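Can you build the whole structure from these sequences, using the hints too?
Sequence lines, in order, name chains U and H.
If you read the first sequence in the working numbering, its first letter stands for residue 1, the second for the next number, and so on.
If you read the second sequence in the working numbering, its first letter stands for residue 214, the second for the next number, and so on.
Don't read these hints as lab results, they were simulated from the structure.
Check each hint, because a few of them may be wrong.
Subject to a maximum C-alpha distance of 20 Å in a straight line, what follows is the list of computed SDA-like cross-link-like pairs (lysine to any residue) [as the list claims (entries may be wrong)]: (1) Lys-139/U / Phe-419/H; (2) Lys-178/U / Arg-141/U; (3) Lys-139/U / His-123/U; (4) Lys-139/U / Val-800/H; (5) Lys-154/U / His-185/U; (6) Lys-139/U / Asp-196/U; (7) Lys-139/U / Ser-794/H; (8) Lys-178/U / Phe-188/U; (9) Lys-139/U / Arg-772/H; (10) Lys-178/U / Ser-150/U; (11) Lys-154/U / Met-194/U; (12) Lys-178/U / Leu-149/U; (13) Lys-139/U / Leu-159/U; (14) Lys-139/U / Glu-835/H; (15) Lys-154/U / Ala-138/U; (16) Lys-154/U / Arg-141/U; (17) Lys-190/U / Thr-151/U; (18) Lys-154/U / Pro-195/U; (19) Lys-154/U / Ala-822/H; (20) Lys-139/U / Leu-460/H; (21) Lys-154/U / Ala-197/U; (22) Lys-190/U / Leu-159/U; (23) Lys-154/U / Ala-168/U; (24) Lys-139/U / His-831/H; (25) Lys-139/U / Ile-450/H; (26) Lys-139/U / Gly-124/U; (27) Lys-154/U / Ser-176/U; (28) Lys-154/U / Leu-169/U; (29) Lys-139/U / Met-90/U; (30) Lys-139/U / Ala-822/H; (31) Lys-154/U / Phe-209/U; (32) Lys-178/U / Asp-196/U; (33) Lys-139/U / Ala-785/H; (34) Lys-139/U / Ala-765/H; (35) Lys-154/U / Asn-166/U; (36) Lys-154/U / Phe-188/U; (37) Lys-139/U / Pro-798/H; (38) Lys-154/U / Asp-196/U.
Given the structure is predicted, the values throughout are model-derived calculations rather than measurements.
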Amino acid sequence: MLVADDAVLFREGLARVLADNGFDVVGQAGDGRALIELVRADPPDVIVLDLRMPPTFTAEGLEAAALIRGLAPDVGLLLLSQHVEVHHAMQLMTDFDRGVGYLLKDRVSDLAAFAGDIRRVAHGDVIIDPELVARLVAKRRRQDPLERLSTREKEVLALMAQGASNAALADTLHVSLKTVEGYVHTIFTKLDLMPDAREHRRVRAVLSFLRQQ
Amino acid sequence: MSPAYAADPSAGQVHPAAWSPDGVPSAAREAVVASVGLIVLGLVGYGLTFDFHVANLHNGILALVNAAVGLYVLRQRPGHVLGRLFVAVGLVSGVMFFGRQYALHQPALPGADWFAWLSIWPVPIAMMLVGWAVLLFPTDRPLSARWRAAGLVMTGVALLLALSSALWPIEDNWASDGLSFPFSIGGAAAADRVFAVVLPAAYLSFIVLWAVAVAVRGRRAAPEEIHQLRWFAYAVIVVLGLMLAGLVVAGTPVLGQLATPLIPLAAGVAVLRYRLYDIDPIISRSVVIGVMATLIMLSYVAIVVGVGVLVPAPSPILPLLATAVVAIIFEPVRRRAQRLANRLVYGPRATPYEALAGLSAQLDAPPDDVLAGLCVTVARAVGATQVTLWVGDEDELRCAAAYPTEPSEAGSVALEDLRATDLGMTSPITRRGVLLGALVVSHPRGERIGPAERRLLGDLVGQAGLVIDYRARLHEVEEQTDELRRAARRVVTAQDEARRRLERDLHDGAQHRLVTLALELGGIAGHAASTGDATLQSRAEDARQHLLEATAELREMARGLHPAVLTNDGLAAAVANLADSAAIPVVLSVSVDRRLPREVEAAAYFVVAEALTNAARHSGAEEVRVTLDERDGSLTVEVADGGAGGATAATGGGLQGLSDRLAALGSRLVVDSPLGCGTVVRAVIGCG
Chain U
1 MLVADDAVLF REGLARVLAD NGFDVVGQAG DGRALIELVR ADPPDVIVLD LRMPPTFTAE
61 GLEAAALIRG LAPDVGLLLL SQHVEVHHAM QLMTDFDRGV GYLLKDRVSD LAAFAGDIRR
121 VAHGDVIIDP ELVARLVAKR RRQDPLERLS TREKEVLALM AQGASNAALA DTLHVSLKTV
181 EGYVHTIFTK LDLMPDAREH RRVRAVLSFL RQQ
Chain H
214 MSPAYAADPS AGQVHPAAWS PDGVPSAARE AVVASVGLIV LGLVGYGLTF DFHVANLHNG
274 ILALVNAAVG LYVLRQRPGH VLGRLFVAVG LVSGVMFFGR QYALHQPALP GADWFAWLSI
334 WPVPIAMMLV GWAVLLFPTD RPLSARWRAA GLVMTGVALL LALSSALWPI EDNWASDGLS
394 FPFSIGGAAA ADRVFAVVLP AAYLSFIVLW AVAVAVRGRR AAPEEIHQLR WFAYAVIVVL
454 GLMLAGLVVA GTPVLGQLAT PLIPLAAGVA VLRYRLYDID PIISRSVVIG VMATLIMLSY
514 VAIVVGVGVL VPAPSPILPL LATAVVAIIF EPVRRRAQRL ANRLVYGPRA TPYEALAGLS
574 AQLDAPPDDV LAGLCVTVAR AVGATQVTLW VGDEDELRCA AAYPTEPSEA GSVALEDLRA
634 TDLGMTSPIT RRGVLLGALV VSHPRGERIG PAERRLLGDL VGQAGLVIDY RARLHEVEEQ
694 TDELRRAARR VVTAQDEARR RLERDLHDGA QHRLVTLALE LGGIAGHAAS TGDATLQSRA
754 EDARQHLLEA TAELREMARG LHPAVLTNDG LAAAVANLAD SAAIPVVLSV SVDRRLPREV
814 EAAAYFVVAE ALTNAARHSG AEEVRVTLDE RDGSLTVEVA DGGAGGATAA TGGGLQGLSD
874 RLAALGSRLV VDSPLGCGTV VRAVIGCG
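Pasting the structure below:
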């Protein structure tokens, strides 16, 4: 895998910790251009990269990710950021259909969970930071359609928004795949959403639902 | 004259060029003038050595006055037809005066009847000469070819009458003055019958013709001519009034006859000197006094006589009552009479008071408009053809306003050059001894203005000084305001820049270090778990959690300073984020398609943030509508809730900071919050 971040201390620390936890960190980069060179030379399975990097410190991570997806479509892309923004998540769900994640940088300190996230992204899953989803779920609405959902259904909805597949849902909630499919169907019906099997579409639909009034 | 009109003209700083009379008359002309004058003087003087006859006195006075006025006019304006007519009337009147004096002498002098004849038959000739003067006054030309024809008919009729009068004793004077006709040619009885009707009819039609001529001329006249006609008309009305008063009170026309010379006198003034002597105040006063006297006399008589008949009362009471009533009605009547007089005198032209009042009403307008308005006011008030207002100093004046036409050249001109041109009368505009500009007033055919207009012009020029001064100060204040605004904008921009830098420093520095530390602690916890050190693992895990809480706090702080999303992704994304995390449902409507200047985005963002916080805290509303609309170079930010209302700038302390921020961008925060009707916070920010 590759690690890209302009903060050297953090990058080095992350690479070391990841290496300690069984990841094969084959290279590090301080900005998008250097990262793309590394990918060109030898495409890894997965890349952990910072959203905000030189030279403009805006969303170079997203641009680099899009370029890399063009170069090597199978490389998983996990974007880290000091703060997570809904419109970035939506953009990711629009531009990428699989193997992409968007997490708060803080998540790296819980190594076990973070390692799992990296593996899922490398595997092709979609991951959205729970804080971002929590913010949207907690949002007050004038006539909140979420009121129609049971507590359990809300829990499922939040996990769906974070990118969990049906299998992951069943695993997390310790229920059968059949039960999960039932939950998902009920939620989509109650919220008037179109069911879509493709994960990124599903995440996007749920996110935009959560965002609207 | 209204009180405002009486303002000190010296305040106006008008220095019009001095009036210059025509050149020195030639010796030959002086000789002719002197001899004609002597002839008339001789006729009247010699005539006066006979007896005194009141009924003939007016002829003598007419002779002297007409001759004097006519000769004076001719001396000033050689070849002036009106002057010649006056001299002719004077000569004829002199001959008539002398003849009558001679004829009336007791005991009878030799040839008295022939002198009487000489004093009577030229009457129609004198009438005809006066008629021509009326038809030609004041321009020296008849109104039209048709009026010239009317004059010729009048001449023919007058000559016919004079001829008849020379042949038969058809005038009343023969009988009334006890004179005898010098010869008899027969047909006298028939002539008497015919002319008893024809003569008065002809004289009456003459007078009607003159009245119509004056009325028509008055309607068609240019302002200058109206001025001249006014002198003339005033004299005629006074004479008629005195005639009427004499006939009513004393039953004799002598008073009116004696006043007749006022007419040629007024005509002479009108021809030569109307510019120097303003008749408007005289007419105005006369009208007021006349109306007052009539009304007061009528009310007095009505009360003393009328009420006395109805209610018998002790004699001292009614006059006292009448006096009291008159005292009470005096002032209102005077005011109305004054208004009537103003209307008569100033007509459709603005009265000086109105001119100044109209100008004052414009003072709220931008100073340049006021200057333009000043030019219009001056042009209308003094009947100028062109008024141009120049602003600047002695050596460099620029045209600031003009009416009706703007000057073609935009360059500057020195005051001396302006004076030297023949554009018109140049009045320097000064204030506190400093030259601020000049007003150039042009009149038709190089004519000059009357004293009343000059006083008014003085007042208006004084106003112009004030306006120019005000304009300069306003310009200064505007420049200072601009400079202040630019400074405020620089301050706000610098402040935003500092906040952005701080946010970035937090992001790149402290936050990264803390997250790296958390990463290390996570590593330590993992390591402890693998070595079975549960205590270390739990302590490291606790420390990691605390550190994450600290980074979360720091994150929120950085966002409050200056959200990175605003810098990186723009207003729409940042405001959507605000809506996502607002404690109240937000209906968002954003039509901003481009990135706006940083300070504009920041101002709009903080307006929405502050308003949303206040709405969530105080309004109790169910939802808030946030609208951002960018069009035609300005961004409208509006946050409206349907809550309790009653919000003031004091409700949220943050509003003051926002106001300052907006003020730096030349915008203003409007908080509309009627009690019980919700709150609307709005700002319109220019964004180029």
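Proposed proximity, Phe-419/H with Lys-139/U (alpha carbon, max 20 Å): The given pair, whose Cα atoms are some 103 Å apart, is violated under the 20 Å limit.
Given hint Leu-159/U paired with Lys-139/U - CA-CA distance at most 20 Å: This hinted pair holds, its Cα atoms lying about 16 Å apart.
Pairwise hint evaluation, Asn-166/U against Lys-154/U, where the allowed Cα distance is 20 Å at most: Roughly 15 Å between the alpha carbons, so the hint for Lys-154/U and Asn-166/U holds.
Hint consistency between Lys-154/U and Ser-176/U [alpha-carbon to alpha-carbon, up to 20 Å]: holds (18 Å)
Given hint Ala-168/U paired with Lys-154/U - CA-CA distance at most 20 Å: holds (16 Å)
Proposed proximity, Leu-460/H with Lys-139/U (alpha carbon, max 20 Å): violated (105 Å)
Proposed proximity, Pro-798/H with Lys-139/U (alpha carbon, max 20 Å): The hint holds at about 8 Å.
Pairwise hint evaluation, Arg-141/U against Lys-178/U, where the allowed Cα distance is 20 Å at most: This hinted pair is violated, its Cα atoms lying about 31 Å apart.
20 Å Cα cutoff - pair Lys-139/U, Ile-450/H: violated (94 Å)
Hint consistency between Lys-139/U and Ser-794/H [alpha-carbon to alpha-carbon, up to 20 Å]: holds (7 Å)
20 Å limit on alpha-carbon distance, applied to hinted pair Lys-139/U and His-123/U: violated (32 Å)
Lys-154/U paired with Pro-195/U [C-alpha distance capped at 20 Å]: holds (16 Å)
Violated hints for the displayed structure, listed by number in ascending order: 1, 2, 3, 6, 19, 20, 25, 26.
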